[in-house]
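Trainee: In case you want the letters, here they are:
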Amino acid sequence: MSTGLPHHQAIPVSPVATATSSVETRAAGPARPRRRRWTRFILPVYSWLVIAYLIFPIGVMILYSFNKVTAGLQQVSFAWNGFTLQWYKEWSNIPGLTSAFWLSVRLAIASTVFSTVIGTLLALALVRYQGRRFRGKTLIEQTMFLNIAAPEVVLGASLLGLFITINLARGFVTLLLAHVAFSIAYVAVTVRARMSGFDRSLEEAAADLGANSWVIFRKITFPLIMPGILAGALMAFALSIDDFVTSNFVSGSATPFPVWVYGATRIGIPPQVFVFGTAIFTVGILCAIASVIIGWRKPT
Amino acid sequence: MEQTVPADHTGNLGDSRRRFRPGKFLAPYLLSLPAGLWLLILFLIPLVVMLSLSLQTCNPATGACVMTWHWAEFGQQLSLYHTQFITSIWFAGAATLICLVVSFPISYWIAFYGGRRKNFFLLMLLVPFFVSFVIRTVVWEFILSDQGIVLGALKNAGLLPQSFHILATGWAVIAGLAYNYLPFTALPLYVAIERIDKRVLDAAYDLYATKREAFLRVILPLTIPGIFAAFLLTFIPALGDYVNQQILGGTGDTMIGTVIQNSFLTTLDYPGGSALSTVLLAVALLGIFGYARILGSRTIEEYL
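In order, the protein sequence lines correspond to chains A and B.
Residues in the first sequence are numbered from -5 upward in steps of one, following this note's numbering.
Residues in the second sequence are numbered from -15 upward in steps of one, following this note's numbering.
A few of these clues could be false.
[What the hints assert, rightly or not] Chain A residues, not near chain B, derived (Cβ > 12 angstroms throughout): (1) W32; (2) S86; (3) R100; (4) Y123; (5) I142; (6) G150; (7) A182.
[Stated by the list, open to error] Chain B stretches covered by chain A per the calculated footprint, using a threshold of three residues with CB under 8 angstroms from any CB of chain A: (8) 72 to 82; (9) 143 to 157; (10) 222 to 235.
Source of the hints: derived by calculation from the structure; they are not laboratory data.
The beta-carbon is built from N, C-alpha and C at its ideal position, and this holds for glycine as well.
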């Protein structure tokens, strides 16, 4: 199964898994070799324009993180006032923003740990057991799909409804519960996509050689599905650190980074927001590249 | 980890195979138990709670809610906020259409001509996701602002009248939605086109199909399930989105997500907000079940 996860901050995981199968069909597209007209440039030029369009706002964000502020208030202005490194030097000058950022990082780490473990176990169950061995599999798959496809505002509102009904105070705990709830399905889908080409005969060989279940898991299964788990973990981290809608409903007094930024749009964005945005972007891209490289070196 | 033994396996798997081991039968259930419980308690039960809340009557002063089976809540909320529902459907629909038209050619190009650089191009499609959703939308506010780097430059060059503006209109919201949700459309489309057996195309050409006929009668019909999946995966989240409208739109074109958020967080009208969320969820479910009914329930999961 080839998948590209189309939600939030998806990491291009599964396309890596399909790369091997694409090599053989690479040359066999609808291109006819004798086509030599100028029209052959239309598609590539168009595609590069779309890519430029997708990257353009990110360039704007990075550019404006170097924009001088001329007015009294420290807000990013729509006009370009000149280059400065001031906001990088003073990155932690906005107390609310810095604490919101660290809250988001702590939340994302905790949510990643929980959802990666739980989601990987679910993916193992889904890949290995079918039919009569695993009754209720369809129900779980449908729940996962609904969880991914439902509008986020519904998930956030319904979680807040639950927390109000059981009288649970909103804060870090409710944020964590909610973030794990929307990450599990993504992690399971990601890990499952990377496990579908798994060669079971390796485990059988280990069993033939006298390895017990735990040794098989530790020495064979886990190293082989590791890239998938890593990709799932990156996905969970990205989903959590970027989430606004659900967090806005269940955050209460704790304010994660996206909620803080959304609140700041009412009064004006301090330039440090773009510094944080640039930093998160850089780290994310580096992780994605690392994930792709690990995927190359250890094909599952 | 338990291992299943293929029927044609002739080797000796040792003692572990002959002993009765309950773990072998319980394994799938134990593995899926934590995820199942988490999703049950923090996804399915909240949806039931939401439905129940929408039928309760709450005391605005104390916040205490009692079940009154107040079905009229749905009618009241819909008559109050049907404009916002229609606005949401219009914005999300227009944005989804733009996404489909813009991303089909690039998905097609990556699937057929991406070659070894497919992964690179897919990463490029996902690049926007590496910037926070809220920040991305704020940046569009900068780009579309009256004196910003695009409109300001065009105005200074005399290409646009000075009075021209796009921020705080519905078009800005549609532009923001189309940008933010484009990868949601492009990736399912890519999966669908990539999956086409290239030999079917060769066969079409062998039978003297022109490029146009091959596209219209082979490629397009084979990607229909992918197009529908892309439509759902873009339209449903865009329908509930309110960040784009709040940051880029004006005051007159409020979307339903804003109303739900305000009901829960500002006016504390839990039954009203729950009723509207339930309707929104019902619209999403209708789309998903419609898809499953026409194109089969298994297929949509393949596009995730």
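Trainee: Next step is simple, just say for each hint if it's right about the structure.
Mentor: The hints, checked one at a time:
1. W32: Holds, since 15 angstroms exceeds 12 angstroms.
2. S86: 18 angstroms, holds
3. R100: Non-interface label stands for A/R100: nearest chain B Cβ at 17 angstroms, farther than 12 angstroms.
4. Y123: 4 angstroms, violated
5. I142: 6 angstroms, violated
6. G150: 8 angstroms, violated
7. A182: Incorrect as stated: the minimum Cβ-Cβ distance to chain B is 7 angstroms, not above 12 angstroms.
8. 72 to 82: Result for this restraint: violated, n = 0.
9. 143 to 157: The restraint on the region 143 to 157 of chain B is violated, since only 0 of its residues have a Cβ under 8 angstroms from chain A and three are required.
10. 222 to 235: That given contact holds, which follows from 7 residues of the region 222 to 235 of chain B lying within Cβ reach (below 8 angstroms) of chain A.
Comparing the model with each numbered hint stated earlier shows that hints 4, 5, 6, 7, 8, 9 do not hold.
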